[in-house]
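If you read the sequences in order, they're chains A and B. Per the numbering used here, the very first residue in the first sequence carries number 1; after that it's consecutive. Per the numbering used here, the very first residue in the second sequence carries number 1; after that it's consecutive.
Since the hints were made in silico from the structure, they are not lab data. If you're wondering where the values come from, they're calculated on a predicted model, not measured in any experiment. A few of these clues could be false.
Calculated lysine-lysine pairs in the BS3-like style (CA-CA distance at most 30 Å, straight line) [what the hints assert, rightly or not]:
#1 Lys276/A to Lys29/A
#2 Lys3/A to Lys276/A
#3 Lys29/A to Lys170/A
#4 Lys314/A to Lys276/A
#5 Lys344/A to Lys276/A
#6 Lys116/B to Lys34/B
#7 Lys116/B to Lys276/A
#8 Lys116/B to Lys116/A
#9 Lys276/B to Lys116/A
2 protein chains.
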Amino acid sequence: MTKTALTSLSADQLAERLTDLRADYTWLKEQELKLDLTRGKPGADQLDLSEALLRLPTGHSNRTGTDVRNYGGLEGLPEMREIFADLLGIDPGQVVAGGNSSLSMMYQVVTWMLLKGGPDSPRPWSQEETVKFVCPVPGYDRHFTMLAELGIEMVTVDMHADGPDVAQVKALVADDPSVKGMWIVPTYANPTGAVCSTEVAAELMAMPTAAPDFRILWDNAYAVHHLTDQETKSADALGLAAVSGNPNRPIMFASTSKITFAGAGVAALAASAENKAWYLQRLNFAAIGPDKVNQLRHVEFFGDADGVRAHMQKHRALIAPKFAAVDQALSSRLTGLDIATWSKPTGGYFVDLDVLDGTASRVVELAKEAGIALTPAGSAFPHGNDPRDRNIRLAPTFPTLAEVETAMAGVAVCVELAAVEKLASS
Amino acid sequence: MTKTALTSLSADQLAERLTDLRADYTWLKEQELKLDLTRGKPGADQLDLSEALLRLPTGHSNRTGTDVRNYGGLEGLPEMREIFADLLGIDPGQVVAGGNSSLSMMYQVVTWMLLKGGPDSPRPWSQEETVKFVCPVPGYDRHFTMLAELGIEMVTVDMHADGPDVAQVKALVADDPSVKGMWIVPTYANPTGAVCSTEVAAELMAMPTAAPDFRILWDNAYAVHHLTDQETKSADALGLAAVSGNPNRPIMFASTSKITFAGAGVAALAASAENKAWYLQRLNFAAIGPDKVNQLRHVEFFGDADGVRAHMQKHRALIAPKFAAVDQALSSRLTGLDIATWSKPTGGYFVDLDVLDGTASRVVELAKEAGIALTPAGSAFPHGNDPRDRNIRLAPTFPTLAEVETAMAGVAVCVELAAVEKLASS
């Protein structure tokens, strides 16, 4: 049965619908739920997949005879760098395998551009009057809060299914030398699930920029986090940049946080030879070396990149049903009502939900009162400001499947109730 | 038999001595040694003491039920913070347990003072015309290279057996608001082995400073690294600062790098409530949380602070003979010659050797040609500049005892040869 779009209902019909929905919502609150869809965290069953890590490594030397229990080795174990290189489709020589956090490596790059400038900077960014970053929206909240903390202005562009809006980006970077950088989550983007196409990536790597030291922070957090058989291959950012004559433009990041243990995995950075040397030179003043025991632990656990790929199949088996449950719950109540659209991601950690303009905050509020925690409305936008107040990021991996089903049925009620409240009052 | 001071020898006697020493040195080179006394690294036998860590943790939740395999917990596991607090004589509430590197935590503090300023800063340090640090010398080379990298000027004061020269420090900080901070390794200092007394610490924490945001970076890397039964207790920097009305002055650092695995241990920062909140607020933009699996691994391994203390006894048993061998080798050749003095540390990782003025570089060069790698002369001074060219840092923990004996006998030859070369040519 096709439902009627809520926008075509009469005032009386809306009032009647509102009464029904309020009853549904009252019932929902009576369930006294305590569910959390806020953060992209692996579920306990996913973490269990890597339990063998806790008994590794079996030895304490790597293949080159380095005692991983002692100091040194700033760029990480070669075996670990090879695994990342294979997964990211790049050369091991371009990779630095680091500590437990790719976010920290991104933060290092931005602060070092501020304090020292890059190899191609006229001066450190902190000596510029203004520094701006292009931010595709919706995007990853921690990217934006990092920039805000560091005093970097954010200008937004639209995120499409194939990546950032290239025309908008080009217009921003062409003439303004204060636009120094840009964020991209190229594969299964947070939160939209978009995959940056090779065409879009090629244009971004080749486009003229007024700033000679323009950086694209290519946060490939979900490179191997497929949810379907269609295993998307990430665009070759480093290769495209090199052939375009802009080898230093992209800096790539990845980690095993959502592959093994979140916060106890291994992170990586990859870049041009010049950028990598620059990064290691700075790092040498800040650290003696990464946790190589944990790197060897991961190397023994996976064996090689194919070991990672096989492991990701197990994650998919656990979480794909949760994503299906989100779609099912939203579809069964909202399809045809013309008040919401949502992503059907083929990878990554999020479902991106757009509700009726001006109602996202209300949906989050209603859900909260019913015991369902959602990421604050607007958090996928710089300074938390969603100009249309319509975007909500859903993170279904951490709760159990049953919890996702219950929570999402509740969210769907809240989405419809907020829409009818608004339509009935206007 | 008491030897004759070389300085009292006649020209002929010196020439004769030079001939003998050149023969000794030729013999030394023929041994084709390949020994390294450069870095304060634990020996493989010390690392073996912690081998059980590789099979830990047995569980994956801490006592409060946190799944250590997942994200979060920026200030670290409470159990880990309690162990550090007990060892450092402070309150667990003052401690942040972090990643694998206390050096990285120091670097964060300095960069955040530059980029953001502290809770008591008139403005970020990067907006000051000049920022200076007081550097006791000889000191830790990585402290100095970090400041140089970040554009901070260094002014030196003398390091005595009971800590930095307080009168010199007071004179530097009293009227010059650009003097923003100071390094101290308070316990078994790198490289002199000095222990900062409570009296000196009290004066440093209480002294008037022109800068309202003056920081003492209290790098207590060797707090529990005793070499004798006389187990020195570190001065209570945080307590002394608080009673002096300067609670935000000290920031304390420590790590298990030279307790368990170097580079795969757990680091900690401790500070006033205001400083700690400031640190965590900044950290929140740069990281999601430390490696809690590794923290739980350490908590299970030690049990409590007494477990750490018992573990340090095992280290002492392994390395105290190496320190004795250094002293023995230097004494047997050099005592009475009046060309060298050296420390007899009661803890820590180094022996501090002062040779005849103007010969340290030559000693290092001679040793290198004989296959004995020493830390570059001057490395314990800002910009590597030892004004008297006399200081050499010896790090005897990494080689075996036999290697230390061989290497140090060779170093003693080089020290005497360089001295005689100089005296004979003047």
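Looking back at the numbered hints, which does the structure fail to meet, lowest number first?
-> Those not satisfied are hints 1, 2, 3, 4, 5 and 6.
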